Amino acid sequence: MRYLPLTDADREQMLGVIGAKSVDDLYKDVPGGALLKDLIDLPRVQGELEVHRHMQRLAEKNTPAGRTAFFLGAGAYRHHVPASVDHLIQRSEFLTAYTPYQPEIAQGTLQALYEFQSQVAMLLDMEVANASMYDGSTACAEAAMMAARVTKRKKIAFSGGVHPHYIDTARTACEALGLEIVALPAAVDDEAAVTKSLGADVAAVIVQSPNVFGTITDLTKIGEAARSAGALMVATFTECVSFGLIEPAGAYGADIVCGEGQSIGNALNFGGPYVGLFATKEKYIRQMPGRVAGETVDADGQRGFVLTLSTREQHIRREKATSNICTNSGLCQLAWTIHMTLLGEQGLKRLAHLNHEKAVALADALGKVKGVEVLTNRFFNEIAIRVPGDAQKIVDTLAEQGVIAGVAISRLNPKAGMDDILITCATEMNTDADIAAYADALKKVIA
Amino acid sequence: MRYLPLTDADREQMLGVIGAKSVDDLYKDVPGGALLKDLIDLPRVQGELEVHRHMQRLAEKNTPAGRTAFFLGAGAYRHHVPASVDHLIQRSEFLTAYTPYQPEIAQGTLQALYEFQSQVAMLLDMEVANASMYDGSTACAEAAMMAARVTKRKKIAFSGGVHPHYIDTARTACEALGLEIVALPAAVDDEAAVTKSLGADVAAVIVQSPNVFGTITDLTKIGEAARSAGALMVATFTECVSFGLIEPAGAYGADIVCGEGQSIGNALNFGGPYVGLFATKEKYIRQMPGRVAGETVDADGQRGFVLTLSTREQHIRREKATSNICTNSGLCQLAWTIHMTLLGEQGLKRLAHLNHEKAVALADALGKVKGVEVLTNRFFNEIAIRVPGDAQKIVDTLAEQGVIAGVAISRLNPKAGMDDILITCATEMNTDADIAAYADALKKVIA
Amino acid sequence: MKTDTTSGNRGLLQAEPLIFETGHATGTGVDLPEPKGGKDKLGGLARKAALDLPGLSEPETMRHFVRLSQKNYAIDLGLFPLGSCTMKHNPRLNERVARLEGFADLHPLQPTSTIQGALEVMDELAHWLCTMTGMPAVALSPKAGAHGEFCGMLAIKAALEARGEAETRKRVLVPSSAHGTNPATAAAAGFTVDEIPARDDGRVHPEDVKAKLGPDVAGIMITNPNTCGLFERDVKEIADLIHTAGGYFYCDGANYNAIVGKVRPGDLGVDAMHINLHKTFSTPHGGGGPGAGPTVLSAALAPFAPVPHILKRPPPKGEVPSEARGRGASATSRSGRSAATSPASGGGYELREHTDGTQAFGRMCAFHGQMGMFTRALAYMMSHGSDGLRQVAEDAVLNANYLLARLKPHFSAPFGDGPCMHEALLDDSSIKPKGVETIDMAKALLDEGYHPFTTYFPLVVHGAMLIEPTETEPKRELDRFADVMIALAGRVNAGDVEFFKQAPKLAPMRRLDETRAARQPRLRWKRGQNDSGAKVAAE
Amino acid sequence: MKTDTTSGNRGLLQAEPLIFETGHATGTGVDLPEPKGGKDKLGGLARKAALDLPGLSEPETMRHFVRLSQKNYAIDLGLFPLGSCTMKHNPRLNERVARLEGFADLHPLQPTSTIQGALEVMDELAHWLCTMTGMPAVALSPKAGAHGEFCGMLAIKAALEARGEAETRKRVLVPSSAHGTNPATAAAAGFTVDEIPARDDGRVHPEDVKAKLGPDVAGIMITNPNTCGLFERDVKEIADLIHTAGGYFYCDGANYNAIVGKVRPGDLGVDAMHINLHKTFSTPHGGGGPGAGPTVLSAALAPFAPVPHILKRPPPKGEVPSEARGRGASATSRSGRSAATSPASGGGYELREHTDGTQAFGRMCAFHGQMGMFTRALAYMMSHGSDGLRQVAEDAVLNANYLLARLKPHFSAPFGDGPCMHEALLDDSSIKPKGVETIDMAKALLDEGYHPFTTYFPLVVHGAMLIEPTETEPKRELDRFADVMIALAGRVNAGDVEFFKQAPKLAPMRRLDETRAARQPRLRWKRGQNDSGAKVAAE
Ligand SMILES: Cc1ncc(COP(=O)(O)O)c(C=O)c1O
Ligand SMILES: Cc1ncc(COP(=O)(O)O)c(C=O)c1O
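Taken in order, these protein sequences are the chains called A, B, C and D.
Counting along the first sequence from 1, when you hit position 28 you're at 28 in the numbering used here, and nothing is skipped either side.
Counting along the second sequence from 1, when you hit position 246 you're at 246 in the numbering used here, and nothing is skipped either side.
Counting along the third sequence from 1, when you hit position 302 you're at 302 in the numbering used here, and nothing is skipped either side.
Counting along the fourth sequence from 1, when you hit position 304 you're at 304 in the numbering used here, and nothing is skipped either side.
So here's chain A without its partners, still in its complex pose:
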């Protein structure tokens, strides 16, 4: 087998040195019967050509986004990632390294982590950020649990604008800890409603901007209300490119800002792997989940970086850890850092502008379609529209015509009672022709 260097001669020799007759001698602790005599009934070794052919055949059973007029977002966004990003993350020294437990031979990973943490903090206008979480949804769940730890309270209130998958994920995690989840009714533009559920038992209100309907919101008042009720304001997001153009939650005084980083540096990848961004205030760092890199010096006084504050983590604190996370999203985080380094402030702002312009054009085009109502008034690159009839059916019909129109709210949250609403998104990847084709197809489908 091409990945296995040992020859039979090697194996013989090594068994000799070990003093064993056969490899199975080494498995003598396996209880009787459990050691398999025969091969498991699955296909045998195959060459690279055969495996590649098989995988390619499966890949071609899918319809890649790029082969359609594509307007789907809702938590994952299609952006152009420069070729140099994917090239760099495939370098052996990054791709095949482990978590930097030996900092003297892991400065590459560690310095990139430190740069990532700094970039995230700047982007979100927060004091500190960690070295990444699995994705936006799990980052949001961790934020809810952290808020409970910080406030020693047990109730978490979600606005009606948070991505339903995020709420489901947080509910699953929080309820296991005995925390109570209050999810407000889905609302296109009413993040503030969440403050009504504030009370002495509420650990945090969790809001989203841009929210799942694309609406952007000034969170100042929500933050004030939370603070005066002794709760934290947690703000989540799914489209981090937006902060090149709109005010991030940090500027509204959020205590924790967390969300999805996929938009920068990472492909759609059918939902994963992605990279969770997590930022908070300095005073909370000892309650922060996940790894963090910090600056220090070596024996010669040279600046270097190490993983630090590990007394929060499972390998030291065990059942008292701030989280059970170990492996995180290293390589996706690196891709994020490289892409953000290429963009810089100027590139990020330009990119965000382009996205907004495309979305405005999309909103105009769809708004002109008879029977269609654009529901989102303040947005970045995503909007909700009301269609006459069942949104899911319309999305499916359009897909057959090569238009991926977005996603029906009913798919994300069947109980929302919004069966005639779908959310749709535009990025720098959409051409004016795409937009025209979408509006056109939609008009025909509705008629």
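Calculated from the structure, these hints are not laboratory results.
Values in this document were obtained by computation on a predicted structure and should not be read as measured data.
Wrong hints could be hidden among the right ones.
[Unchecked claim] Okay, the calculated beta carbon distance ranges per label pair:
1) 113(D) - 371(B): 21 to 29 Å
2) 182(A) - 462(C): 23 to 31 Å
3) 220(B) - 12(A): 36 to 44 Å
4) 387(C) - 9(A): 14 to 22 Å
5) 176(D) - 535(C): 43 to 51 Å
6) 496(D) - 536(C): 21 to 29 Å
7) 38(B) - 416(A): 53 to 61 Å
8) 200(D) - 38(B): 31 to 39 Å
9) 501(D) - 9(A): 43 to 51 Å
10) 315(B) - 387(C): 48 to 56 Å
We put the CB at the ideal spot given by N, CA and C, even for glycine.
Using the hints, position chains B, C and D with the ligands against chain A.
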């Protein structure tokens, strides 16, 4: 522009240090009028997304080999190249390095060259090999000129089995030097005929095995005849995988063995870049063209490698150089070495066997088609077949049906008088279904 | 490392400042079209303050990260014997496969008619995982091992709830040798952790388990092979004990590489086990992730698998045991059909994304899990086949035992009297009296060009050195590593303590001050933040 | 470099033996299906003797070449100021584009109906090259610069032949500053080389040319900007001289990067000029190649361009000057249509592959040239656009003059009184008296983490140090390099000669013995060849 780091502020500052008012001051030596005032009338700067889209659009105007039943060889062969090969040659340290003029910081390139030279010599059963030529055709032309230098004779005789492009390339180069080219009539299986043209003025006979018709030949007698006539035997080839299964020319006493290395490690790339393999006997190395790496030691006595015997080369010998070649095929040579390292003797033999088996199956299948005659009796993975009617037309018709059947001799050599012959090839990439589809389609087209 | 060059470089080792020290907010490595500049729809919420984010041109960016990369050690550079981490070769075929347009450029919420191939990949992967482990179902969505542990413990919790015992059964037994994620996960799932103390033989003993059983026990978390690199001899008996006591058996599968193809956890009474695709099935570690932690489930726990579920419909007749259909994102076929034949042949796939009308305990994350790891892992499994995977386990175990045999005479090997599984455990008890401990040994290895073993884990062995070579190491590399270790032992015996305390000297940096980092945390760059006084690479 | 570690490694720098020392003929890194083993058609010519070719498993192969790679310097690591080589940034976009299935998996002999996109790429590239250079035609097939020179000289020869002067005009004038490929090419083309001696100002003077003119002169080969980094002031006058004398003007375009977008060689009276796509247009050097040397031709030489020719038919009305159609693989449109609009819109492309019925002088190579470089170069040109390409030249010249300005006070700059073009020329006349020469300076730079300048070229300047930073260097990197050079000059003045003679000390190897290599050539590994006595990396 994303590749240009200087800012306008930098440019100002630098001009100040230089003591120039504007960049155009630095161009003051350009004769009046020649310094362009305006931009040349071509498109302006474009982003990565736009450029990639444009190139992809052009790429999709082609029909890639892999999307057809593909049986075309004739000097370029479709083989599977392991993913690790293309990954490794893209590493910055290989891809963006120059010719190893500073050996202390180029041991990666130099050791790989030394390994390449050794592998080539072993594969071809020759004493020494150089560090690569542009491709097989130019390697063959260099061999012809080298033979003239070695023998101080002026006539080069080509067998009727040598690839017509190789003969054309050698003719263009040799005639410029005042050498005479004798090309024997195209012949499926008559390499030996070339010995008839031997004479006191002949520097070399150039034969090919497997030849352009796929025929493999025992070159022993040709070599003896050449030697006794004071000429060299130069053997060329286009499919180096064959030497995993058949006797290489070195074993027949060839003085120079040269040809195309593309089959190992390199994609079809529409004809280039490829890698020319060039091997000869030790006694001729001072007449050998091209670069060569050799072993030596450093100041601490450690083994290392350097470019050597450069007194043959243009940068030292100028008009007396053995060749004008400078840049060669570095990265393609590296790909060859990596792929050959993965194969090893066992893998190479296995690969060659598979190719031969597919070709035998192809010959059987086509031979069964009424009206088709298989002309090649001894072959590796390529054969010539006679079809009823114009081969070029048949190839074109089959292409419309998704079968790339090979190439008509009339395309390679209109004067061959073989308008009803085409050459066709099978490799490990062809499935039995491909072969059946080809035979089927051919039957229909002929009928 | 300190250097007296003017550039700050040391030969090929390039000094490299932070992007914040070389870049500026007006620099960029992208060319984007000018916005047309119509009126916006931001409702006055445009960003006010500058971000101060530096941008670098593409050439500068390439250099920055290439230079950084060369300060890293990696599998592709040499032996990476980090115990418990299974640092094996990462085939580039899998990188290529994961990047096929049909996988990489696919959105998780596209209509199911456009993602049939993706769902088929998940179904095939599930089939391989279920068949290899001998378990009826698998939840694919967990994003790493710890997340898989969480998934398994939540399934246990849901099963207890279904039995009406959620409130009474809150205690989970965890051996002291367990990886930190085990107790952390149990706690995160709302259980209390009851530690089973270690024994001299490094194993869990049935009587210790029995002693802790009771009506409040929810289950037990055992790592097998365990973190001492030993197979838990009594695993079956322990499983029976926990089951008769009404609890469930969670098995930490991080060390599955030692037994893949040799032993089926399903035959050992396991109720749930996560599989680190980034260990046993070679998806790259990437300097800390991403990973994937699919969790196989017993028939008792399968009904509670989290959404999404993959449903085959119409089910190809007779192929899928109806009662097993749609558990987790799971293809539960045990019919052993070749992974090369499309399960969709009989009909398409559907996704169930909500728990309504099911016993599913909930959702682990947005969307469907780590697709990019699924494609890699499937390509890896298909490349090996069941014969190759069995060989993987055997060679991994053989390599570890070979190192153990060569090193035993020179180091203390607490469990060296018997064979180990995929990793060899040493400790520093024989060298510490001479003034050299595990960390010094580790740092000395840096100068010799090796990544060290795992240090000070498992906690049950003082000064542990946990060595896992994996099956992708040739004998030649094992011998060289053993020679180095033995030579270092010689130095210890020669009393050359200073040599160890000074190490590393040849690595990109000397020993780093971790205490200082924790005492005065500097977790980000800030313009004008008062300098730490550290010497910085020439800008 | 010598080291006292047991492993032979020095920290991250891994010792690595030859594949012949670690591999064996039964090892392999591929899995291929068993041959079925029917009867062969080899006619008894099967290979008899073993090849003795070693094979390595994939993990071993990855490591071998990754370890080797880390012993290389490269652009992506730092400044690579190798004069005359234009070592600029290589965008990865171009690597991606070249690997698009529609280009990489395309056979050169496929029916033309299946390769229209490939021919369109060649046509667009030709259009860019012709328009940028102001020349009517281009031959794309030459495989590198020297091959392009050969193409140009053969076109001149063919033109002379057409005039019936091939036999009489055999002398080619070549300045002594020319790159070695120029005289070597002239000789290969059957011309005799007549050297124009150098002048103190590093330029070719009309009177020197005039003095050598005569009825036997075929032409002149001039590099412009020349190898001293200077623009040939009198190039137009020289062109006129050679033309009136009945000869042709070959311009070596290796240094085109200095003037791209600023000056059109076609306006200078050039008859033929090769363009190193692997210099000015950034296709990667790859440690020695491959390159591509498209050669632009004047109206006088265009008819003789080698096959293949690309023919557009039916020609989109009025777009292509009919008399220019089909010269070389050439798009001769001067109408400046946007490269973004398909020239094929009006009709398809055809290939002419044989000279019959044309004046083409022949064929440069099999097939159609370096397609893999064409796609990269086209993507590079489109990315810059005509504005970006002009900026390339200006920044390249600015960077070189900046270094010249900073280094002039500390080194001898033979032509430093005026501005240079894209490269700054220094020599060792100011340091040699102190015992340090160009090679020592170069080796000292290795320890400072730089690839040195080009040494001892051009030959017309003793101890030349030719420094070409290119436009993709930020000011920061130029300053650091200048600081290093100045510090080294200081060391020379301090008389620390030994420091230079000992260099390099920090590079992967100490100074290598080139004489020994040439005296006792060991050009390949051979089993059992008696050992060279060299110390070898631990196996
Ligand atoms: C024994 C053990 N359990 C669990 C884990 C956690 O897995 P992950 O890092 O994928 O979350 C690890 C990984 O280090 C481990 O070694
Ligand atoms: C001035 C000059 N002319 C010609 C050449 C030859 O070009 P190539 O190496 O592409 O054959 C070079 C390349 O080094 C050069 O610098």
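Tell me, in ascending order, the numbers of any earlier hints that this structure violates. 2
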